[in-house]
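There are 2 protein chains.
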Amino acid sequence: MRWAGASSILRAVMLSLIGVDIGGTRTRVGAFFQGRLLARRAFPTRGLEEVIETIHGLLGELGWQAPEAIGVGAPAPMDMRAGVILGCPNLPHWSGVRVTDRLRAEFRCPVFLANDATCAAIGELEFGHRAGDFVYITWSTGIGGGIVSGGRVVWGASGRAGEIGHMVLSPDGPPCRCGKRGCLEAVASGTGIARAAEERLGEGLSAEEVVARARAGDLGARRIAEEACRAFGQGLSIVWELLEPELIVLGGGLTRSWDFLGPMVVEALRKMARGEPRVVLTKLGDDVGLYGAAALPDHFPREWASR
Amino acid sequence: MRWAGASSILRAVMLSLIGVDIGGTRTRVGAFFQGRLLARRAFPTRGLEEVIETIHGLLGELGWQAPEAIGVGAPAPMDMRAGVILGCPNLPHWSGVRVTDRLRAEFRCPVFLANDATCAAIGELEFGHRAGDFVYITWSTGIGGGIVSGGRVVWGASGRAGEIGHMVLSPDGPPCRCGKRGCLEAVASGTGIARAAEERLGEGLSAEEVVARARAGDLGARRIAEEACRAFGQGLSIVWELLEPELIVLGGGLTRSWDFLGPMVVEALRKMARGEPRVVLTKLGDDVGLYGAAALPDHFPREWASR
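For the protein sequence lines, the chains are A and B, in the order given. Read in order, the letters of the first sequence correspond to residues 1 to 307 in my numbering. Read in order, the letters of the second sequence correspond to residues 1 to 307 in my numbering.
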């Protein structure tokens, strides 16, 4: 089933929107008019003041007084109702920042804050593959996800649904930065791949470097890549059995090596899933979260929106 | 968030409903009026003719001409759109049976067919704990589940969402009747417990007997029960991280020993989940699927309902 419901609302009702995608390393800000991206800026992530400055710059450039709403995605634990980012190792300058209060005071419009992977799922829903039932998964430094069912975001009790990276696959596996052991993220993420390389190859390599060596035929690197892909495929198979999505949509840095890693992931997935799961890459590239942040105001749960 | 939306529709619009819960061993048929169970029958599962006879009996007893709709739940692969049960080892007499066509021809009302665990989730939504975001899980001979998000059933692309028992936890684990290896069901279900007992204790014991021996202090049986509980807790932790339900609601035969098994399950769950997952038992006992079958007509996806 293709999804066209909310996107038409978005295009008709929400005219001028600002999307903000705060990343671990880069922040993206975009101005959208009737569902089209008119202008965007990207810069190294610092604090909220840089975001405010950038929005002012975009508004000035476009001759807008104020946006009708602002949506913000961030890779951090948060209180979605209060619009506050909680303690977060990825974003040390953002701990305790009252994002929505501050932006609302500055721009006098409704502001919404959500997890970046959930925003990316909204981006896929509104601007990407537009399936009604799918799961979006970021495969990058970390592993995160967002779930859409019947054209609606599955938020969970407090907006934390989609923590695909923190499903425990091997209870005695390597420690995860979340404090548990054997999470999918600890094994299959960029961080997990780099840690395995350090432990087993005795070298400080990035995940990209491990993948490059594996591609060039290095056996130790190849084994690490294979194990990560097998665990990632297992994670996808669990998502498939639990949710039977029409599509599993992938984004994030590691998908840039999909030509090499993809066949290994899909082999593991097929072995551990019944039926015919479909895996595709996002069409929106690194902007998927930015698109989704702009569409967040349309999807934010009404009963959580105090502003 | 408590859920009251669909239940009010159910009570107001759907006056006289028949629910049918086809179990692996017993079939339950109930007549509901304005959301209340007026009469029920239970009998050993045979074929569809016994179900038709029983419905005629209930209608006669209540003086009804015909029900306004019939909902049927079954523990089998099925084509939900066509209302047909597909090949199924649990229900050999039902393979290929066109359940909805046959019942519709007989009772001249809309008929809907869905997975029994999904029906049980609907039963919980309408008649049980009534949370808006929860997962219902049957822990019994097999392990199945149904997911509710924002008061709506998560169906998946073809109605197969919720296959919690077939998430692969250990790719090299014991074979599962589904053809894969290391599924949660292969380790933690009643079938899995009985198979482990046969392999390791060298005796043909039912899961109930293994649990009784473990309770009485038998170390081998205790170890089997512990492993099953640890795997089941791991499965629940994955459900929690993926969906962040307000509640995980459990039903099924093994929950009758929850006083003994529950603490082991919850210990594993707490270790492998962040936050505070809440696990409760269904209040509807063995009738949860029957209640849900009666409420199925209200929840069946409109675009799949040709009848």
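None of these hints come from the bench; they were simulated from the model. Predicted model, so just to flag it, every value in this text is computed and none were measured. Take the hints with a grain of salt, since some may be wrong.
[What the hints assert, rightly or not] Taking CB as the label site, the calculated pair distances span:
| no. | chain 1 | residue 1 | chain 2 | residue 2 | range |
| --- | --- | --- | --- | --- | --- |
| 1 | B | P44 | A | E199 | 53 to 63 angstroms |
| 2 | A | E50 | B | Q34 | 26 to 36 angstroms |
| 3 | A | P301 | B | R270 | 20 to 30 angstroms |
| 4 | B | S206 | A | V266 | 38 to 48 angstroms |
| 5 | B | W258 | A | G275 | 48 to 58 angstroms |
| 6 | B | W258 | A | R215 | 28 to 38 angstroms |
| 7 | A | G275 | B | G262 | 27 to 37 angstroms |
| 8 | A | R181 | B | L37 | 45 to 55 angstroms |
| 9 | A | L62 | B | G262 | 35 to 45 angstroms |
| 10 | A | D259 | B | P44 | 51 to 61 angstroms |
| 11 | B | A42 | A | G262 | 25 to 35 angstroms |
| 12 | A | L201 | B | T25 | 48 to 58 angstroms |
[What the hints assert, rightly or not] Chain B stretches covered by chain A per the calculated footprint, using a threshold of three residues with CB under 8 angstroms from any CB of chain A:
| no. | stretch |
| --- | --- |
| 13 | 18-25 |
| 14 | 155-166 |
| 15 | 193-200 |
| 16 | 225-237 |
| 17 | 288-294 |
Where is the CB? At the ideal position from N, CA and C, for every residue including glycine.
Hint check against the structure, violated hint numbers in rising order: 2, 5, 6, 9, 11, 13, 15, 17
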